[in-house]
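2 protein chains.
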Amino acid sequence: MVDQTFPLWFSGVMSDDLDTVFAALADPTRRAILAMLLEDDMAVTDVAEPFEMSLAAISKHLTILTRAGLISQEKRGRVKWCKLEPDALRAASVWMQGFGQFEPVNLDAFERFLENQLSAGDEA
Amino acid sequence: MVDQTFPLWFSGVMSDDLDTVFAALADPTRRAILAMLLEDDMAVTDVAEPFEMSLAAISKHLTILTRAGLISQEKRGRVKWCKLEPDALRAASVWMQGFGQFEPVNLDAFERFLENQLSAGDEA
DNA sequence: AGTTTGGTCAACCATTTGGTTGAATATGCG
DNA sequence: CGCATATTCAACCAAATGGTTGACCAAACT
Chain A
147 MVDQTFPLWF SGVMSDDLDT VFAALADPTR RAILAMLLED DMAVTDVAEP FEMSLAAISK
207 HLTILTRAGL ISQEKRGRVK WCKLEPDALR AASVWMQGFG QFEPVNLDAF ERFLENQLSA
267 GDEA
Chain V
147 MVDQTFPLWF SGVMSDDLDT VFAALADPTR RAILAMLLED DMAVTDVAEP FEMSLAAISK
207 HLTILTRAGL ISQEKRGRVK WCKLEPDALR AASVWMQGFG QFEPVNLDAF ERFLENQLSA
267 GDEA
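As you go down the protein sequences, you meet chains A and V in turn. Be aware that the first sequence starts at 147, since it is given in the numbering used here, and climbs by one per residue. Be aware that the second sequence starts at 147, since it is given in the numbering used here, and climbs by one per residue.
These aren't lab readings, by the way, just hints derived from the structure by calculation. Only a predicted model underlies this, so the values are computations on that prediction, with no experimental measurement involved. Glycine is no exception: its CB is placed at the ideal position from the N, C-alpha and C atoms. Some clues are possibly wrong.
[Claimed, not checked] Partner residues are not named here, just some residues of chain A that face chain V (Cβ under 10 Å, in silico):
hint, residue
1, 168
2, 169
3, 235
4, 239
[As the list claims (entries may be wrong)] Straight-line Cα separation of at most 20 Å, SDA-like style, residue types lysine to any residue; simulated pairs:
hint, chain 1, residue 1, chain 2, residue 2
5, V, 206, A, 229
6, A, 229, A, 204
7, A, 221, A, 166
8, A, 229, A, 166
9, V, 229, V, 210
10, V, 206, A, 169
11, V, 206, V, 192
12, V, 206, V, 166
13, A, 206, V, 169
14, A, 206, V, 172
15, A, 226, A, 190
16, A, 206, A, 187
17, A, 206, V, 165
18, A, 221, A, 209
19, A, 221, A, 202
20, V, 206, A, 172
21, V, 229, V, 219
22, V, 221, V, 210
[As the list claims (entries may be wrong)] Derived coverage of chain V by chain A (criterion: at least 3 residues anywhere in the stretch with Cβ under 8 Å from a Cβ of chain A; other residues may be distant):
hint, region
23, 192-204
24, 233-239
Construct the entire structure; sequences and hints are all you get.
Below, the structure written as structure tokens:
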């Protein structure tokens, strides 16, 4: 079924899905929303509460996350519940690892990265 | 030292570096460039060759990838060599994997931090 | 020295993005 | 019914993105 006219990496590289997933992740508000949904499903209004931003703006962010497949939204009554859907994330993560040819997880590198972030923030 | 006023995941969520890495990955041309550099280091002109796009456009893409830390560029003679730098990818990948395993999230601390940020911003 | 080659810069353009506000659409409650 | 709550829609705006072209600079070839 898969035509081999172009190399294997091509399909992964050109995928529109990866476009939307990575674009969705490239915003700190949306990453914060994902982190909040990690704890529990939430209604749109509750998602919006900690942010200094209109409800409509958060609604747009949620639409972007939904189109990327990173969350799902189910309307029960008059409240719309948002649920994390880690599968899209996992797919992109797997793609990155296969692509980057590095070892599955290097936690040391991650902690160094975090410490750099925090000390950089202290200097501000 | 690393201050633990807010939870560890927060720095990952708010990091500007993740912004630039994910934004850089959210473009198929740039992902294709990364895949090409996976095979070998390349000169800018050779990177541009397979694309139906001006050299200047590719040059911009390479600047974006460089700022994201995903590649490095070294000028030898009059040709500028591009080299894949998988470390930035690794950090982002590890961040993403955090969503596969359900780590606890401290939402209260997140809200407190946002409030601090906002009042600090008002004073500026 | 003169010319080609490798690459960036600057100005411009169309489209997208991330936000706003105010009106609209459901849904639930007294 | 009449009103409050939850969420989206529509129009708008400023800034960022992804591309173009032509001028420009630096290194190499003859």
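Point to revise | Non-conforming hints, listed in increasing numerical order | key: 5, 7, 23
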